[in-house]
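Chemist: Please arrange chain G on chain Y, whose structure you already have, making use of the hints.
Here the protein sequences line up with chains Y and G, keeping their order. Residue numbers for the first sequence follow this note's numbering, so the first one is 1 and each next one is one higher. Residue numbers for the second sequence follow this note's numbering, so the first one is 1001 and each next one is one higher.
In short, the hints are calculated from the structure, not lab data. Be aware that a few hints might be false.
Cut-off 30 Å, straight-line C-alpha distance, at most; resulting in silico cross-link-like pairs (DSS-like, lysine-lysine) [what the hints assert, rightly or not]:
{"no.": "1", "chain 1": "G", "residue 1": "K1168", "chain 2": "G", "residue 2": "K1110"}
{"no.": "2", "chain 1": "G", "residue 1": "K1110", "chain 2": "Y", "residue 2": "K223"}
{"no.": "3", "chain 1": "Y", "residue 1": "K223", "chain 2": "G", "residue 2": "K1166"}
{"no.": "4", "chain 1": "G", "residue 1": "K1166", "chain 2": "G", "residue 2": "K1110"}
Since we're looking at a predicted model, the values are computed, not measured.
One letter stands for each residue in the lines below.
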Amino acid sequence: MTTATSTLTPHQYLEAQVRWRTIEIVFWLAALLPFVVTPSYLVLASQIAITALFALSLDLILGYAGIVSLGHAAFFGFGAYTAGIVSKWGWGEPLTGLLLAGIAAGLLGYLLSFVIARFRHLALIMITLGFGLLLLEAANSASWLTGGADGLQGVHMWPLLGYFQFDLWGITSYWYALIILFLFFLVSRRLINSPFGLALRGIRENAVRMRAIGAESRPHIRKIYTIAAFMAGVAGAILTQTTETVSLGVLDFQRSADILVILILGGTGRLYGGLIGAIIYLIARDQFSGINPQYWYFPIGVLLIVVVLFLPNGILGGLSEIVYSARGQRWLGWLTQPPRRGKRL
Amino acid sequence: MSTPVLATRGLDKSFGSLVVARNIEIALPQGVRYALIGPNGAGKTTLINLMTGMLRPDAGQIMLGDADITALGPEERVRRGLVRTFQINSLFPHLNPLEAVTLVICERDKIARTFWRTTADYRAAIDEASSILNSLMLGPVCYRETRHLAYGQQRLLEIALALATKPKVLLLDEPAAGVPREESPELFTAINSLSQDITILFIEHDMELVFRLASRIIVMVGGAILLEGTPPEIAADPRVREVYLGGAQHG
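The shape of chain Y in the complex, shown without the other chains (with noise of 0.2 Å):
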């Protein structure tokens, strides 16, 4: 990589950094598959794509800001209650309701945040496993409100813009969800690339020197804590409104746990990891389960330890020390770099 950037000016190396690789095209253009490919398969498509981004809203505070968390669907839940019980009382307008789940998922971020902002690691976990299981166990109570272990009844959803009804085939759900998380997939890569997610790193590198050059580092945290809120929020109204029905699934702990797993297995820091994680962990969860409906979970372990115990930065860290090794430029290097103009894909 050196070779190929020592002689880039500061201003073209960092314009570099921002530029679509071929790589990602290709990525996005494959996320389209599924339509013509396993047109069966759309459902399980679009439970990906809701997992891909609860994964990314991890990564932009897991990944980028190294805030440790084991707790994290208590946004998505909650966004996904918001939701179902939104739609619930009369109004099922998609678009409007997922924006309220955010905004309401974003408001419980930003609360807690200011308590986030003050400890790091082990302290961390403790706090975000508490608050995650204290709201598991308030929507259990409040059964009036959230159906308790029964579950919301009575979510009906009115078809996206006035015109696309959600299907059993998932069609409308699929596209739905895949193109949210592109939206918000742009917001956070034009996040991490700006000043901003530059602090998020120094936050992450050394919270001790960040004092040192006269930074605070508690406002940066509680702004993408409630951003990652936000988008946490989003993806659990995008499951509630695509399957019309809220579980106490939603906030459970196995679910900060997976999406921890999902994160890990991908790579963090790399806002790809999540989604990349999040695309194995479905399919070999649907497979395995195919397979042996009981013990799924054995290979979904194993596939865990190998990883890291092989690939220490994730699949996505491991591929890219393939691909940005000298043999690896040669052949590969034209996915890591932006398409040439002029130049057939």
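Modeler: Positioned in the frame of chain Y, the structure of chain G alone reads:
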């Protein structure tokens, strides 16, 4: 004489029964290069920690210009121009020097909160970062991740980060500590060519560096200031020879 840029009045600090600072009185005029020397455990780093707000004094005052900064936190002191480097590198391992210095400039100019524009859009900040890096001979390695830099280059990056805050007073805690012999001339040149507007106080054990760089020297022993003077005065003082340089005679 004009007001000193940085001054301490009757600074005291102890950890339990161990006194680490006893009635410290220092006044640094603008643009002067001060060396702070003394045997291990004399309280040199403690004094820097007190001045930068990492530690709270038990008694006394710290003045930056005319302002009493004793009660301010470390971040606020940095924003007012009192900046330090660390004896043990405290850097951002996975950022490259260009990103790290740009980060400092963005924080200083209050643009680190914007997330809708890319860093590349802030051309002035990037120009400033690369000119600081070039002045410290870090230009050629500015895209290499900090953790992969040579140790001497990391020491220079410590100084680069501090310079990017536009300091009035720079406190260097053993800038040459651990730097291999062949890399130390670069470090000397870098420190020697820092702007004369910046007041510098540095701790250093390498006496050659101290006598070449410092215009005045403060000697600390046992948490108190023994004396202050020009390099020739310090070199000639029998008390200094006894407590500090004296080891050679007895050895």
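Chemist: Please go over all the hints and tell whether each is borne out by the structure.
Modeler: Results of checking the hints against the structure:
1. G:K1168 with G:K1110: 19 Å, holds
2. G:K1110 with Y:K223: Judged against 30 Å, a Cα distance of about 15 Å means the pair holds.
3. Y:K223 with G:K1166: With Cα atoms ~27 Å apart, Y:K223 and G:K1166 stay inside 30 Å; holds.
4. G:K1166 with G:K1110: Holds, at about 14 Å.
In this structure, none of the earlier numbered hints is contradicted; all agree with it.
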